[in-house]
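Engineer: Sequence:
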Amino acid sequence: MSEVDAPREPDAIAWPPTWPRSLDDAFGPPPPGEYRARPEDFQVEEVLDFAPEGEGEHLWLFIEKRDLTTAMAVKALARLCEVSPRVVGVSGMKDRVAVTRQWLSVQLPGRVAPAGLVDALAEQGIRVLEMARHPRKLKRGVHRANRFRLRLTGPAVESPGFTPRWERLLERGVPNLFGPQRFGPDGRNLLRARALLARGWRKRDDRDGMLLSAARSFLFNEALAERLADGSWETLLLGEVAILDGTASQFTVEAPDAELAERAARLDLHASGVLWGVGRSAANGEALAREARLAGRYPALCAGLERAGVRLARRPLRLRLAEASLELGTDALWLTFTLPRGAFATAVLRELIAHPTL
Numbered sequence: 001m002s003e004v005d006a007p008r009e010p011d012a013i014a015w016p017p018t019w020p021r022s023l024d025d026a027f028g029p030p031p032p033g034e035y036r037a038r039p040e041d042f043q044v045e046e047v048l049d050f051a052p053e054g055e056g057e058h059l060w061l062f063i064e065k066r067d068l069t070t071a072m073a074v075k076a077l078a079r080l081c082e083v084s085p086r087v088v089g090v091s092g093m094k095d096r097v098a099v100t101r102q103w104l105s106v107q108l109p110g111r112v113a114p115a116g117l118v119d120a121l122a123e124q125g126i127r128v129l130e131m132a133r134h135p136r137k138l139k140r141g142v143h144r145a146n147r148f149r150l151r152l153t154g155p156a157v158e159s160p161g162f163t164p165r166w167e168r169l170l171e172r173g174v175p176n177l178f179g180p181q182r183f184g185p186d187g188r189n190l191l192r193a194r195a196l197l198a199r200g201w202r203k204r205d206d207r208d209g210m211l212l213s214a215a216r217s218f219l220f221n222e223a224l225a226e227r228l229a230d231g232s233w234e235t236l237l238l239g240e241v242a243i244l245d246g247t248a249s250q251f252t253v254e255a256p257d258a259e260l261a262e263r264a265a266r267l268d269l270h271a272s273g274v275l276w277g278v279g280r281s282a283a284n285g286e287a288l289a290r291e292a293r294l295a296g297r298y299p300a301l302c303a304g305l306e307r308a309g310v311r312l313a314r315r316p317l318r319l320r321l322a323e324a325s326l327e328l329g330t331d332a333l334w335l336t337f338t339l340p341r342g343a344f345a346t347a348v349l350r351e352l353i354a355h356p357t358l
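Heads up: the sequence shown at position 330 corresponds to 330 in UniProt numbering, and the numbers run straight through without jumps.
Mixed in with the good hints, there may be bad ones.
Unchecked claim - Here are the computed distance ranges between Cβ atoms for each label pair:
1) GLY231 - GLY161: 30 to 38 Å
2) ALA12 - GLY110: 38 to 46 Å
3) ARG263 - GLN124: 43 to 51 Å
4) LEU129 - ARG263: 15 to 23 Å
5) LEU129 - TRP334: 15 to 23 Å
6) SER84 - GLU34: 22 to 30 Å
7) THR357 - LYS75: 22 to 30 Å
8) GLN124 - ALA229: 25 to 33 Å
Stated by the list, open to error - Heads up, simulated BS3-like pairs for lysine-lysine below, C-alpha to C-alpha not over 27 Å straight-line:
9) LYS139 - LYS203
10) LYS203 - LYS137
11) LYS75 - LYS137
12) LYS139 - LYS75
13) LYS203 - LYS75
Treat the hints as calculated values from the structure; they're not laboratory data. We put the beta carbon where it would ideally sit given N, CA and C, even for glycine.
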């Protein structure tokens, strides 16, 4: 019996989790490796599908920041513009220990940007690469993707098995797990979420929804772990909700057939997992039965999310690596790839290297 199938008390959370890797059956566990030894080793660039229009009451800035969270950059911009952080918009939240490029917006109706804003931001470690006006505030989740460039070192990248593992990920895709940063050090965000949901979620206790997100992410990872353990994460089950790669388009698979299996094999379609919340699942058959088992294992988390009013959604179980390359340097290996928004580069790395944070 696998650890995923082992009996457990309802809502019992073991930390750290033992979510399977997709490549271990074929290659064994990966050797140790290092990443993000310094911010320059982890580079991320946000990709929008549109550009600011050039006029409007919101000033949009494309920034590069080093060793700063997105929240720190928001506070710095708001302070320098003498506005509330609430009128500063972001699309995605980026890691701190990294060099990241992303868009911010700040509402300045009838005002020009403060004199010396670019230089003042530079003093805070924020380099402005581009500025333009736009009629609307930048909203969360409007970027299409993130481009990553990552430096890896250690026994894993020196192993002859590294390139075959990488090539298998390009061919088969990557399990779309939420990364460990979603759950906080030692899973503390998740444990706080469980306690908050047990007594009743209130926005004042979780202003940005971080704890709700931690709980939903954990449930999704648990569902994906079950699919990884039984080898069904790449296939379409009876009643599966399939998601078209790179889009939000989805449909229920009433009867898997050869055509759908071929599309899944070439990463055109992906099976999906539920992001728990209020609403009726579009799954049926075997896929719906799996969701019921998940609710049976974590009844308090699921019920708490429903009481909080968060809406049910779906997420692909698999990622396709786009614009991907591997470059051998003199003392390290560099990986470059693009992932859709909401996906974690750490989900890719955990398939390639063994590291305590992965």
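Engineer: For LEU129 and TRP334, compare the CB-CB distance with the range 15 to 23 Å and indicate the outcome.
Structural biologist: The hinted range 15 to 23 Å holds for LEU129 and TRP334, with Cβ atoms some 22 Å apart.
Engineer: Cβ-Cβ distance between GLY231 and GLY161: within 30 to 38 Å?
Structural biologist: violated, 21 Å
Engineer: Would the pair LYS203 and LYS75 pass a check requiring their Cα atoms to be no farther apart than 27 Å?
Structural biologist: Holds, because 21 Å separates the two Cα atoms, which is no more than 27 Å.
Engineer: Using the C-beta atoms of GLN124 and ALA229, is the stated range 25 to 33 Å upheld?
Structural biologist: Cβ of GLN124 to Cβ of ALA229: about 46 Å, so the range 25 to 33 Å is violated.
Engineer: Is LYS75 close enough to LYS137, meaning Cα to Cα at most 27 Å?
Structural biologist: holds, 16 Å
Engineer: Between LYS203 and LYS137, is the straight-line Cα distance small enough, at 27 Å or below?
Structural biologist: holds, 22 Å
Engineer: For the pair we were handed, LYS139 and LYS75, check the Cα-Cα distance against 27 Å.
Structural biologist: holds, 17 Å
Engineer: Sort out whether LYS203 lies within 27 Å of LYS139, counting only the CA atoms.
Structural biologist: Holds - the C-alpha atoms of LYS203 and LYS139 are around 19 Å apart, at most 27 Å.
Engineer: Is it true that the C-beta distance of SER84 to GLU34 lies inside 22 to 30 Å, as the hint says?
Structural biologist: violated, 40 Å
Engineer: Is the distance from the Cβ of LEU129 to the Cβ of ARG263 consistent with 15 to 23 Å?
Structural biologist: violated, 39 Å
Engineer: Is the gap between the beta carbons of THR357 and LYS75 within 22 to 30 Å?
Structural biologist: Since THR357 and LYS75 have Cβ atoms about 26 Å apart, the given range 22 to 30 Å holds.
Engineer: Using the Cβ atoms, figure out if ARG263 sits within 43 to 51 Å of GLN124.
Structural biologist: Cβ of ARG263 to Cβ of GLN124: about 48 Å, so the range 43 to 51 Å holds.
The structure fails hints 1, 2, 4, 6, 8 (numbered hints given earlier, in ascending order).
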